[in-house]
Amino acid sequence: MAPLDAPSAGLELLAEEMAPVPSFSTGRPRRRIRWWRGIVLVVTAAFFLIPIYAGLRFSFQGVDGHYSLSTLKELPKAQGFTAALWLSTRLAIATVLVAVVLMVPTTVYVHLRLPRLRRLMDFITVLPIVIPPIVLIAGVLAVAPLWLKATPYLLSLMYVILAMPFIYRSLDAGLIAIDLKTLSEASRSLGGRWYSTLARIILPNIRPALISAAVLTLAMVFGEYTMASLDLWTTVPVWIVQFNGAANGHIQIAAAMAGLVVTWVVLTVIVSLDRSQRRRARG
Amino acid sequence: MENHDATAPTPDAPASGVGAVAPGSRRRSWWRRLAPGAAVAPFLLYSALGIGIPTLGVLYYAFRGNHGGWTTGNVSAVVHGIYLIGFENSIKLALLTSIIPGIFGVFVAYAIHTSRSQWLRRMTATASGVLANFGGVNLTFMFVATLGSTGVLTLWLAAVHINLTSLGFHLFTFSGVAVVYMYFQVPLMVLAITPALVGLRPSWREAAENMGASSWRYWRHVGVPVLMPSVLGGMLLLFGSAFAAYATAQSLTTGIIALSPIQIGNFINGNVFSNYQNIGYAIAFGMLVILAAVMTLYNYVQKRASRWLH
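Chains as they are written, first to last, in this note's numbering: chain A, 1 to 283; chain B, 1 to 310.
The shape of chain A in the complex, shown without the other chains (with noise of 0.2 Å):
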């Protein structure tokens, strides 16, 4: 839904325990800002670490009140979360694989044939933003056709929906940053063709923002409660809220929590791993 031009590090966050308070310098004139600074990101700190920290500990401590690994233990076993794991999976998969050929040849075409229809991709990948995905959800359900209704798939084609969003901007960004048009010309110029062309020249030159594409959509996917509720398929963040365990929620949290870890690490490795190389693209 936000613009998210810059996903990573969340586990920074957890690394911090403490409020990242900024040390106090003697300058005169800084001195009135900095004691307030202070105080709003002591506030802002304690806001989003403490919810972060009361879920691991959730997770991590057993209703005896014991430290331990066995709630997450028990995570794998509980009734009803490796189907739900499974179905999750698969969605993640068709999902990615339709929003890539769907969205990356129009995209990279666009920028290089016709600038004129951006500003129409620019309107169009935004909607799915401002609609919001419970209306888009109740329109979907009363005019898809029965044979449609009946597969998990009709989610992950509305997911390529809701993907639009960050895709294109992620893959917008990344075609702004390399000079397609020459790149594309010396392809050309080669003998290559519009397929070789996409394939050998300009998809590995935009690796970095099809990565990273594909993690926000997988992320998505993993995440996405609204519709999978709403169509009856018990997807992961559907088995979270309709298990009924005697742990007392425990095993909800904790699967809960280790969907937003692995979010988070996932995130951090790739915009590591971006930053790592164009670093080296810089020299």
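No lab work stands behind these hints: they were computed from the structure.
Treat the hints with caution; some may be incorrect.
Claimed, not checked - A short list of chain A residues far from chain B (calculated; beta carbon distances all over 12 Å): (1) Gly-80; (2) Thr-82; (3) Trp-147; (4) Pro-152; (5) Pro-204; (6) Ala-214.
To be verified - For each label pair, taking beta carbons as the anchor points, the in silico distance ranges come out as: (7) B:Ile-256 x A:Arg-118: 42 to 52 Å; (8) B:Ser-76 x A:Gly-80: 36 to 46 Å; (9) A:Arg-116 x B:His-170: 50 to 60 Å; (10) A:Thr-82 x B:Gly-68: 41 to 51 Å.
Said to hold, decoys possible - Stretches of chain B that chain A covers, calculated by requiring three or more beta carbons in the stretch to come under 8 Å of a beta carbon on chain A: (11) 146-156; (12) 258-265.
All of these numbers come straight from a predicted model, not from anything done at the bench.
Note that CB positions come from ideal geometry on N, CA and C, so glycine has one too.
Go by the hints and put chain B onto chain A.
Just chain B, lined up with the frame of chain A:
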């Protein structure tokens, strides 16, 4: 907008480079004429089927009666009783969770923007990017661990004899939903307002100080007027995000709270018996109308804001 390409080089134009233009086979020129359409058509078709048709479906059914035929019954039912309350609650919630995090987010963004710590700035940018996108079920359960009846913060506060429930806070009702929404609204505001803060040039402040302006007068006459459109724009973005949110509110309250998105969900699930089967679509139509108004305002405000952003 330059048309850099070789979609249709004139036949007599000299071929640039070695083998730039393949010998004009008929198949190739036919392909060239169709290629632009062929490349964009799948995307346009997909968007029309995935966004256009469902939206039109919502509009269509909002004005259809139980047994077919056009009616305004659904829409007029929606502006009365429990559905009106749903809209009121949704708007109240969206106002509350756009104004408070909006103001707070500006202070956070400013504190970080003026910080000398490069590390702090980079970490906040990336953390905001992650957290702003992180609503939904996982967030709900993290807050259950924090502010639920046996939550960590609940127990900490109980130890110092603060009872949140007696202060009127319940995680599983309106107040709880509002607090949980702040968790993605504040980062969203930080993301939205940072470009405007970057556009606030130090030379303006220096100019004001050279003319003897106090800090207060600088903010009164320069800083706040320049930032205001961006702040309002950010808040409208937050309003839309809170107004449309379903997953967090639904999983937190198990659907008992009267908010428009949740009422639509209850209709889709068939949990509601009503004289008007299609009321869910009428609520959805109402939400679209409100969001269209919000987006119109947003576009207007963005135009004002972009005057200072280069």
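Results for each hint:
The Cβ of A:Gly-80 lies farther than 12 Å from every Cβ of chain B, with a closest approach of about 15 Å, so its non-interface assignment holds. No beta-carbon of chain B comes within 12 Å of the beta-carbon of A:Thr-82; the shortest separation is about 18 Å. Interface exclusion of A:Trp-147 from chain B stands, the closest Cβ pair being 15 Å apart, more than 12 Å. At the 12 Å boundary, the C-beta of A:Pro-152 stays outside the reach of chain B, the nearest C-beta of that chain being 16 Å off.
Look at A:Pro-204: its CB is around 20 Å from the nearest CB on chain B, clear of 12 Å, so calling it non-interface holds up. Distance to chain B confirms A:Ala-214 as a non-interface residue, since its nearest Cβ pair spans about 15 Å, more than 12 Å. Restraint check, B:Ile-256 to A:Arg-118: a C-beta distance of roughly 45 Å satisfies the suggested window 42 to 52 Å. Between B:Ser-76 and A:Gly-80 the Cβ separation comes to about 43 Å, which falls inside the hinted range of 36 to 46 Å.
Distance hint check for A:Arg-116 and B:His-170: the Cβ-Cβ separation is about 54 Å, which falls inside the suggested range of 50 to 60 Å. Checked against the hint of 41 to 51 Å, the C-beta distance between A:Thr-82 and B:Gly-68 comes to roughly 45 Å, which is consistent with it. Interface restraint, the stretch 146-156 of chain B with chain A: holds (6 residues with C-beta to C-beta distance below 8 Å; minimum three). For the stretch 258-265 of chain B, the stated coverage by chain A is satisfied: 3 residues place a CB nearer than 8 Å to a CB of that chain, which reaches the threshold of 3.
The structure fails none of the hints (numbered hints given earlier).
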